[in-house]
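Trainee: Here's the letter readout for the chains.
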Amino acid sequence: MLKIWSMKQKQQQDESAATGPKKKKVTAAQLRVQKDLSELSLGSTMKTNFPNPDDILNFTLTIEPDEGMYKGGRFNFSFAINQNFPHDPPKVKCTQKIYHPNIDLEGNVCLNILREDWKPVLNLNAVIVGLQFLFLEPNASDPLNKEAAEDLKSNREGFKRNVRSAMGGGSVKGQSYERVLK
Amino acid sequence: MAEDAESILTNGPYNSRPRWKYLDNILNRPGPFTDPDWVCGEPALEGLSRAKILVIGAGGLGCEILKNLALSGFKDIHVIDMDTIDVSNLNRQFLFRHADVGKFKAEVAARFVEKRVKGVKITPYCGKIQDKDDDYYMQFAMIVCGLDSIEARRWINATLVGMVDENDPDSMKPLIDGGTEGFKGQARVIFPTMTSCIECQLDMHAPRAAVPLCTLATIPRQPQHCIEWAHIIAWEEERKDITLDNDDPEHITWLYQKALKRAQEFNIPGVTYSMTQGVVKNIIPAIASTNAIVAASCCNEAFKIASNTNPFLGFPGTDNYMMYTGDVSVYTYTFQHVKKADCPVCGNLAKDLQVNSNSTLQEFIESLAERPEAQLKKPTIRTEAKSLYYQSPPTLEKQTRPNLSKKLYELVSDGEEIAIQDPAFQIAFKFKLVFEN
Ligand SMILES: [Zn+2]
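For the protein sequence lines, the chains are A and B, in the order given. Per the UniProt record's numbering: the first sequence ends with 182, consecutive numbering throughout. Per the UniProt record's numbering: the second sequence ends with 437, consecutive numbering throughout.
Honestly, the hints are just simulated from the structure, not real lab data. Be a bit skeptical, because a hint or two may be false.
If you want the footprint, here are the derived chain B segments under chain A, 3+ residues with CB under 8 Å [as the list claims (entries may be wrong)]:
#, stretch
1, 67–73
2, 186–200
3, 266–276
4, 291–303
5, 326–338
6, 423–433
Below, in silico cross-link-like pairs of lysine-lysine (DSBU-like), each with a Cα-Cα straight-line distance of 35 Å or less [stated by the list, open to error]:
#, chain 1, residue 1, chain 2, residue 2
7, B, K339, B, K406
8, A, K97, B, K304
9, A, K182, A, K93
10, B, K386, A, K182
11, B, K118, A, K24
12, A, K173, A, K146
13, A, K91, B, K261
14, A, K91, B, K75
15, B, K304, B, K261
16, A, K119, B, K75
17, A, K119, B, K132
18, B, K377, B, K340
19, A, K97, B, K340
20, B, K184, B, K386
21, A, K146, B, K240
22, B, K121, B, K132
23, B, K103, A, K24
24, A, K153, A, K24
25, B, K398, A, K91
26, A, K93, B, K398
27, B, K304, B, K340
28, B, K339, B, K351
29, A, K47, B, K261
30, A, K91, A, K160
31, A, K71, A, K153
32, B, K184, A, K91
33, A, K93, B, K261
34, A, K97, A, K173
Partial list, computed: chain B residues near chain A (C-beta under 10 Å) [to be verified]:
#, residue
35, P30
36, R111
37, K115
38, H205
39, P316
40, E384
The C-beta atom is built at its ideal place from N, Cα and C for all residues, glycine as well.
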């Protein structure tokens with residue numbers, strides 16, 4: 001043990017010692033989220049909102065697609081990150097009831113990197129890019145809302161019309177949706 | 001001979017050491033690998049019996065570790081575990097009996113080993129590792145972990161890295177970490193700040209295998225898919241206001257019945273109550289022998305570090321990680337996991353920074369741009385509790401901007417740690433702000 005210590009002293013001769021009273025340290029999850037936030041590129045279509053700015057592990061993201069079938073809508077997602085991030089992925093949910101093949105009526109999102117393909121090297125930017133992509137290219141082959149997926153597969157034009165009416169707060173196939181137009 | 005054998009079984013009289021005969025062979029004479037400076041005999045024995053050692057976890061690995069350490073000559077052992085004994089633990093957690101179900105693991109394990117190995121003192125703490133502070137961890141010579149939670153490992157790792165004080169050799173506590181998953185396991189030794197830490201090695205832990213949500217929602221193929229569906233989707237839909245408690249039988253029964261119904265719809269056989277429990281609690285089958293192998297390896301390293309009889313795993317610049325897999329025959333591989341320069345925990349240690357507590361956050365940020373070691377141009381700053389200033393995203397910048405005109409003493413306390421992220425650097429800088437005035 002003492003041999004190891006003398007090696008250490010050689011290693012870091014000019015670093016000064018940390019002393020003083022013991023205080024809570026910034027956690028590894030906070031450090032990583034802080035880094036991810038500083039690398040976020042939101043562009044003009046996305047915005048974050050921090051209900052408590054001191055808590056960077058819980059926030060919402062608003063996406064306003066400027067092209068595609070969901071153009072003109074404003075979609076909100078809640079992000080809940082735990083202290084085991086980035087080992088665990090962030091928990092992301094859509095907070096509105098919307099008509100989308102990859103998002104169910106409870107707001108669960110089918111995005112591979114939020115579950116089966118999550119890796120600690122992925123960052124929050126990858127997640128928000130993935131979410132944005134869901135609005136540009138809804139994917140009928142990974143359905144969470146089965147009816148919406150069938151609709152998209154069988155009749156793209158009809159699906160588009162149903163998306164518009166759901167976004168306006170109308171009903172589709174007996175389900176009423178939330179108005180999400182800006 | 002007969003007398004000898006009997007006294008081994010009964011520990012013998014207090015001052016004779018028949019039980020330790022083979023251990024003494026190692027402690028009383030140098031071997032081919034001992035360091036030339038090593039002094040055998042009394043000093044080695046003393047070092048071992050005086051070393052205060054902490055075991056974190058008294059479960060599958062912990063039972064093995066406590067037994068091994070006690071039988072390796074450690075005399076002052078502490079153990080932390082917050083869990084109580086469940087009937088399902090009894091098949092492999094051999095320090096517990098049926099009558100112990102419901103009692104604290106740490107307490108029962110300590111009493112059992114003390115009874116069986118005379119002269120060993122085991123001090124239990126039934127609670128969370130997070131309840132204890134640096135002063136508590138500072139009393140130990142080393143720490144052995146037998147945990148199943150990555151989060152708890154990351155916590156103790158960050159705590160031990162943060163405790164290292166340049167001027168005090170005793171502040172560096174070797175961390176010996178064992179882990180098992182089915183037939184796989186690993187033993188690793190970390191010298192905090194000197195060698196690759198748990199955070200550096202985070203990518204060595206395979207993330208929990210997950211099935212795509214859409215498979216669960218639309219085309220379940222296995223009984224487990226139906227259970228996960230009940231767990232993730234059905235509960236949220238129907239019992240949103242109740243927090244799911246994995247240990248509440250009523251909750252598991254509800255999930256089981258939901259899953260069973262869904263499985264019937266899709267003609268999938270095999271959903272059972274115990275499978276539901278296993279999927280929901282993410283129970284990986286624990287193999288008693290894997291625990292024994294990994295715990296044995298951890299305890300041998302602890303013994304070698306404490307006694308210096310042989311070279312140990314984790315000496316800086318040498319191998320520090322032993323992986324074992326019994327999935328396909330037997331395979332072990334030992335290698336050196338290299339410390340990551342950009343590790344958020346050990347990459348940049350918190351340094352003292354003298355500040356005037358009457359200066360504003362804005363002035364402080366400007367002073368950072370002039371610091372020779374890191375010219376931080378666009379720093380984002382936080383403490384554990386507060387976001388002091390964020391350069392981005394824009395909404396957070398706006399929310400934290402009012403802090404810029406506040407005085408440091410209004411935002412941080414003397415000696416508090418701050419973490420600074422700057423786009424020019426991959427890694428965060430950490431400082432402990434020491435008030436000059
Ligand atoms: Zn590290």
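Trainee: Now tell me, hint by hint, if it's right for this structure.
Mentor: Against the structure, the hints:
no. : hint              : verdict
1   : 67–73             : violated (count 0)
2   : 186–200           : holds (count 4)
3   : 266–276           : violated (count 0)
4   : 291–303           : violated (count 0)
5   : 326–338           : violated (count 0)
6   : 423–433           : holds (count 4)
7   : K339(B) / K406(B) : 38 Å, violated
8   : K97(A) / K304(B)  : 61 Å, violated
9   : K182(A) / K93(A)  : 20 Å, holds
10  : K386(B) / K182(A) : 33 Å, holds
11  : K118(B) / K24(A)  : 40 Å, violated
12  : K173(A) / K146(A) : 12 Å, holds
13  : K91(A) / K261(B)  : 27 Å, holds
14  : K91(A) / K75(B)   : 46 Å, violated
15  : K304(B) / K261(B) : 56 Å, violated
16  : K119(A) / K75(B)  : 42 Å, violated
17  : K119(A) / K132(B) : 31 Å, holds
18  : K377(B) / K340(B) : 24 Å, holds
19  : K97(A) / K340(B)  : 44 Å, violated
20  : K184(B) / K386(B) : 41 Å, violated
21  : K146(A) / K240(B) : 22 Å, holds
22  : K121(B) / K132(B) : 20 Å, holds
23  : K103(B) / K24(A)  : 32 Å, holds
24  : K153(A) / K24(A)  : 53 Å, violated
25  : K398(B) / K91(A)  : 25 Å, holds
26  : K93(A) / K398(B)  : 25 Å, holds
27  : K304(B) / K340(B) : 26 Å, holds
28  : K339(B) / K351(B) : 19 Å, holds
29  : K47(A) / K261(B)  : 42 Å, violated
30  : K91(A) / K160(A)  : 29 Å, holds
31  : K71(A) / K153(A)  : 20 Å, holds
32  : K184(B) / K91(A)  : 29 Å, holds
33  : K93(A) / K261(B)  : 26 Å, holds
34  : K97(A) / K173(A)  : 14 Å, holds
35  : P30               : 16 Å, violated
36  : R111              : 31 Å, violated
37  : K115              : 32 Å, violated
38  : H205              : 6 Å, holds
39  : P316              : 6 Å, holds
40  : E384              : 4 Å, holds
Of the numbered hints given earlier, the model fails hints 1, 3, 4, 5, 7, 8, 11, 14, 15, 16, 19, 20, 24, 29, 35, 36 and 37; all others are met.
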